[in-house]
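*Asks:* Residue numbers (this note's numbering), protein chains in the order written: chain A, 1 to 360; chain B, 361 to 720; chain C, 721 to 1080; chain D, 1081 to 1440.
To be clear, the hints were calculated from the coordinates, so they are not data collected in a lab. Warning: the hint list may mix true and false statements.
[Stated by the list, open to error] Over 12 angstroms on every C-beta distance to chain D, these chain C residues come out as not near it, computed from the model:
1. Val-731
2. Lys-740
3. Ala-865
4. Pro-892
5. Arg-894
6. Ala-899
7. Asp-982
[Said to hold, decoys possible] Here's a subset of chain A near chain D, in silico, CB distances under 10 angstroms, partners left out:
8. Thr-78
9. Ala-199
10. Gly-326
[As the list claims (entries may be wrong)] Using 20 angstroms as the maximum straight-line C-alpha spacing, the simulated EDC-like pairs for lysine to aspartate or glutamate come out as follows:
11. D:Lys-1284 / C:Glu-1043
12. D:Lys-1100 / B:Glu-397
13. A:Lys-325 / B:Asp-523
14. C:Lys-912 / A:Asp-262
15. C:Lys-990 / D:Asp-1179
16. A:Lys-270 / B:Glu-671
17. D:Lys-1350 / C:Asp-982
18. A:Lys-270 / B:Asp-622
19. D:Lys-1100 / B:Glu-671
20. B:Lys-552 / B:Asp-523
21. C:Lys-740 / A:Asp-262
22. C:Lys-740 / A:Glu-34
23. B:Lys-685 / A:Asp-262
24. D:Lys-1222 / D:Glu-1391
25. D:Lys-1350 / C:Glu-1031
26. A:Lys-270 / B:Asp-523
27. C:Lys-912 / A:Asp-39
Beta carbons: idealized from backbone N, C-alpha and C, even for Gly.
4 protein chains.
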Amino acid sequence: MSSTLGTLFKVSTFGESHGKAVGAIVDGCPANIELSEADIQPQLTRRRPGQSDMTTPRDEADQVTILSGVENGKTLGTPIGLMVNNRDQRPGDYQEMSDVPRPSHADFTYQMKYGNRAASGGGRSSARETIGRVAAGAIAEKILAERFGIRITAWVSSVGEIDARDMSLDVPTRAQVDANMIRCPDEAAAEKMIELVTAVRDRKDSVGGVLTCVAEQVPIGLGEPIFDKFEARLAQAMLSIPATKGFEIGSGFAGARMFGSDHNDPFVQKDGRLGTATNHSGGVQGGISNGEPVVFRVAFKPPATIGVAQETATFGGEASVLEAKGRHDPCVVPRAIPIVETMTALVLMDFVQRQSFRIS
Amino acid sequence: MSSTLGTLFKVSTFGESHGKAVGAIVDGCPANIELSEADIQPQLTRRRPGQSDMTTPRDEADQVTILSGVENGKTLGTPIGLMVNNRDQRPGDYQEMSDVPRPSHADFTYQMKYGNRAASGGGRSSARETIGRVAAGAIAEKILAERFGIRITAWVSSVGEIDARDMSLDVPTRAQVDANMIRCPDEAAAEKMIELVTAVRDRKDSVGGVLTCVAEQVPIGLGEPIFDKFEARLAQAMLSIPATKGFEIGSGFAGARMFGSDHNDPFVQKDGRLGTATNHSGGVQGGISNGEPVVFRVAFKPPATIGVAQETATFGGEASVLEAKGRHDPCVVPRAIPIVETMTALVLMDFVQRQSFRIS
Amino acid sequence: MSSTLGTLFKVSTFGESHGKAVGAIVDGCPANIELSEADIQPQLTRRRPGQSDMTTPRDEADQVTILSGVENGKTLGTPIGLMVNNRDQRPGDYQEMSDVPRPSHADFTYQMKYGNRAASGGGRSSARETIGRVAAGAIAEKILAERFGIRITAWVSSVGEIDARDMSLDVPTRAQVDANMIRCPDEAAAEKMIELVTAVRDRKDSVGGVLTCVAEQVPIGLGEPIFDKFEARLAQAMLSIPATKGFEIGSGFAGARMFGSDHNDPFVQKDGRLGTATNHSGGVQGGISNGEPVVFRVAFKPPATIGVAQETATFGGEASVLEAKGRHDPCVVPRAIPIVETMTALVLMDFVQRQSFRIS
Amino acid sequence: MSSTLGTLFKVSTFGESHGKAVGAIVDGCPANIELSEADIQPQLTRRRPGQSDMTTPRDEADQVTILSGVENGKTLGTPIGLMVNNRDQRPGDYQEMSDVPRPSHADFTYQMKYGNRAASGGGRSSARETIGRVAAGAIAEKILAERFGIRITAWVSSVGEIDARDMSLDVPTRAQVDANMIRCPDEAAAEKMIELVTAVRDRKDSVGGVLTCVAEQVPIGLGEPIFDKFEARLAQAMLSIPATKGFEIGSGFAGARMFGSDHNDPFVQKDGRLGTATNHSGGVQGGISNGEPVVFRVAFKPPATIGVAQETATFGGEASVLEAKGRHDPCVVPRAIPIVETMTALVLMDFVQRQSFRIS
């Protein structure tokens, strides 16, 4: 296990889906930041299941408590302990799965690696694990917004074969993103996506999707070549989110099909500083932010737990048919939005703290 | 700067394109491994420029010297110092670029971050930086092959709009990969790719491409959720390679368009162990290797340094036209193959050492 | 702040003296270890204040709760969340200190470093911070005892000018250590120490002391030269405990007065393995454990918070007289015993996990 | 092995006593620092053996080469590669030791841990290993001196039973320290020490000693509680130096014999800032520097390799008599001075970089 992220703004998380609590410690947060639970709760609430027909109806209030690190409404510079109780500690729905590892889920690999695994639900591999990160990242978001004006916004850019129009040059607000259940600000596409997810849910199947995320007002100079290049740490952060299968920044895989003369971003004078006329680079050059918006996409596979009957095998290797009981997310991308945003904030915040040293 | 990678098998690299030397320290290598320069040289030679018309003709022998950590042909368990001298320390070709940052290159961001940069060539952002990694990774490859039979093979799967056929289920050998200049074992595609790169080179332009890489015989259980999931650290490693813009594992971005009932990999009995019938997961589930081949793709943008005239701006913001002198790689993907392979080996080797602890 | 310790057995702690809770996350604990709160509580209880007239009478039950990482009485291999509620969240006793930094306490340096500090008590610099470490270290102790038979025992070897006889060759049990209030198993010395501490307490002063600690049955080969030598990491761990001023291993400062021909520990055959006839090395040679008992001493200064009137200055630099109100520990060494023992266990456990890798 | 030190100013070292070279990579050094070999060489030369009758006559020029990270006399912000060739790669003197592990040396523990060891000399456990650290630390010293006026000075305060007078309140200059062969600025004591070391050398024995080190002009606020407290990381650094057995800061072990009312350092107004009237704290409170001089002592054991006949055992457990051939240091403390100073600089420099972040 490796549940600690960051060099100076360091987050350690804990918690399974059905233990007593989940949470995190944020170590290295600057002192004298105004902070209360109210700053953290909104992203946790956006992440919460049961918000709509699009997501699993399991009800969890997910109220965060700050255990330490804040006094009189201000951070002390000491570790911030964050905790969210699990209400729903032992559901019956999961139990019959125990002999049959769910295909494309972590049941098999956890059992093989640890020789043990949470008997119910996904344990540490459950989406519930992300609560600690989201809570920690919400603190990073607040600092980045207040001190640098950084805005981080993700939205659903595709579900299955339905693609939204490109909005990376005209970034929506979070309110616009949240305006519909699927969190795609292209309303025409959103309608079709909702239709698709509803149909998929009704037939007990699931479907994948892609998020686009843009970080605006990122200062020039963040990122630590060579192994902690901006895009390298961002890719690590994104691929650590459950169900992700791909990451691309700027032109991404499409850029691999282009010629240099089309792909290069020429420099131009912009608002009194050097900027680029195009942004195929996605805001980074040589592993360092260049002042343009950081634009990236993250691919999520269809959720592995489905009610459709699957021919598979038991741990012992015997043929078996699995039909997951209970209600499960038919599509994770709407709920993944606050996770992607807050993970981005964690990466940025750590770079900010590593960069800002100047002996002068 | 952050030039150290790994938790137990730890690699630190140094060196600019035009300093005295480039190299690495490998700390945490097991003792009693047979090792000599001859084990490391082949991947360095495959990475070397000037091997064909496809790559930059700058001639560098790139002979590695082991400075420490090996005695009587065996590793001591102490840090292995690795060094490759730079022959060609101060070329004139680069000099007139100094006022004009090359578009989509690291000139601008290095200057902004550090307030200084190598006057000639790309300095630390040059492809020459990768020598230290390749040398270190060649040691990891040797150990992984000898002890676990792990084979890591990358090949060119696309150049520009030319795609090779899918070879991930019938993985070529390195000899097959090296059989043509472009390192694509689909000969029909290779021919077109070579034609394209030749044309691109002749018009002083550049073109991007994609590598596919497969790691076979990876033991079950590698990867350290949650932040050091297998695919997360692999993504970090790949996005730390110069010119990369995207990473996907298994089904990747295509998987985001699929339904769960199609995407899930059913378990089947296989050679006396539990395997999966399909491999959309790309060899990892829940951030841990599942014993199937690890399959991933890496997107490389077209090289930024081109001879085509580019309208851009000086550091001071004045309009300027830039035409890079000298000969430059029109396409990096053939030379990127040993880099991707050895970086994969570094990630795997670190996971092997972190995993193999069992108190029992 | 840096509240995370360890490379593979990683402990992150949180909590101030007067927040809601203190605690820790233990990441990297092996799976399938039997574990419950009952395994952790004894060392927390030994650390607890109010156990005797020797220590501060502030009453805190210090009951630990396991929040995650354990299911059905066994560890899952996932992070273990540990929490102890603070009962006594806002005492009045400390308030009038706010303008006058306590001499030799952390009030001044915290304020200067963070520009903020806990208004009451020592906040993060309080002895209460050690609860998270002790809870985490109790888990390490259990594993080390069960798998290797390692025993870690500390006792009070001096208080002020009163020295106990050397017991490092005839190590007492924890029960013998706990047999008297001062936790010194040399009863004659203990009696004088108790007398001294009582007198010191009555005149509202404080006194320092030294602990000796021995780790027995430590396997040969632990420690990671050069920067993580066994004694280097042990020294770091000990000097991270509040109020410590010195660390010495084996012959320590006395060894610096000796000749090599007297100091060297000759090898002898011992129980079928190579051991040493003497143990001036204190169980380590070249930064690596040699199989002999690890013997070290830790110096604790007299507690800084005293009722005696002190002529000092306010934060603003004005002369002031400070008399601490309330009841404070006149001597920390008895309560420091479980802290020293569990910190030793954390260092050892991390070395065990880093060492045991053998590709073979 | 763990040969990397530091969080932001990161040093990785390599090299055995009889390989091709020893050296280091310094990663995270600020850019635009004027730097050349001439800045590094003096401390290497002070460390060099063969400077006097007091130290081993083995002749090594120890000329450092900067391999990377510096261009036109200024640092680039990229890793600085540092190398010193080993002249004397295979001496015969050591060979007959191979069956008999030297008592109190690392021969036995290296063999047991790694299953291999350098056949000649101490390999990685040799004092020659410290060259990389000294070279790296010399860079840190330069930056600390130029930007903060920090002065770090160590001297020999005891050899065997001969103690110099306390000079911690009237710190000598390095020139004064170097004025005699034993590097003790108390001339009366120095004379006796030299006499003692000469006698010890003549009878082929060795003797231990203690260094005192003072860092002046250390800014307030350095150190990262709780695990990276100033004194904790300093203790780790010191105990990672070969032959060290103890560390104490400020009052140290003597402080453990004192009462709080005597030991506390009262605050006083001093040069326009709050300082302390006494300095029992040794410049740190709560793990953070308080602006007073940092004063600490390090105990060195007598060197293990002696010519005196020692009754010991072979690796196989058979009784044997060992008389080391060749010439060896009878006392390491004079040569340890630059090592202690530069290791202090490495610890300080890392704290400076970790501290100086202020979002404001």
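*Asks:* Next, verify each hint and record whether it holds.
*Replies:* Hint check:
no. : hint                    : in the structure
1   : Val-731                 : 9 angstroms, violated
2   : Lys-740                 : 19 angstroms, holds
3   : Ala-865                 : 23 angstroms, holds
4   : Pro-892                 : 20 angstroms, holds
5   : Arg-894                 : 22 angstroms, holds
6   : Ala-899                 : 23 angstroms, holds
7   : Asp-982                 : 8 angstroms, violated
8   : Thr-78                  : 8 angstroms, holds
9   : Ala-199                 : 48 angstroms, violated
10  : Gly-326                 : 43 angstroms, violated
11  : D:Lys-1284 / C:Glu-1043 : 58 angstroms, violated
12  : D:Lys-1100 / B:Glu-397  : 13 angstroms, holds
13  : A:Lys-325 / B:Asp-523   : 42 angstroms, violated
14  : C:Lys-912 / A:Asp-262   : 86 angstroms, violated
15  : C:Lys-990 / D:Asp-1179  : 18 angstroms, holds
16  : A:Lys-270 / B:Glu-671   : 15 angstroms, holds
17  : D:Lys-1350 / C:Asp-982  : 48 angstroms, violated
18  : A:Lys-270 / B:Asp-622   : 48 angstroms, violated
19  : D:Lys-1100 / B:Glu-671  : 50 angstroms, violated
20  : B:Lys-552 / B:Asp-523   : 10 angstroms, holds
21  : C:Lys-740 / A:Asp-262   : 58 angstroms, violated
22  : C:Lys-740 / A:Glu-34    : 18 angstroms, holds
23  : B:Lys-685 / A:Asp-262   : 19 angstroms, holds
24  : D:Lys-1222 / D:Glu-1391 : 47 angstroms, violated
25  : D:Lys-1350 / C:Glu-1031 : 15 angstroms, holds
26  : A:Lys-270 / B:Asp-523   : 38 angstroms, violated
27  : C:Lys-912 / A:Asp-39    : 56 angstroms, violated
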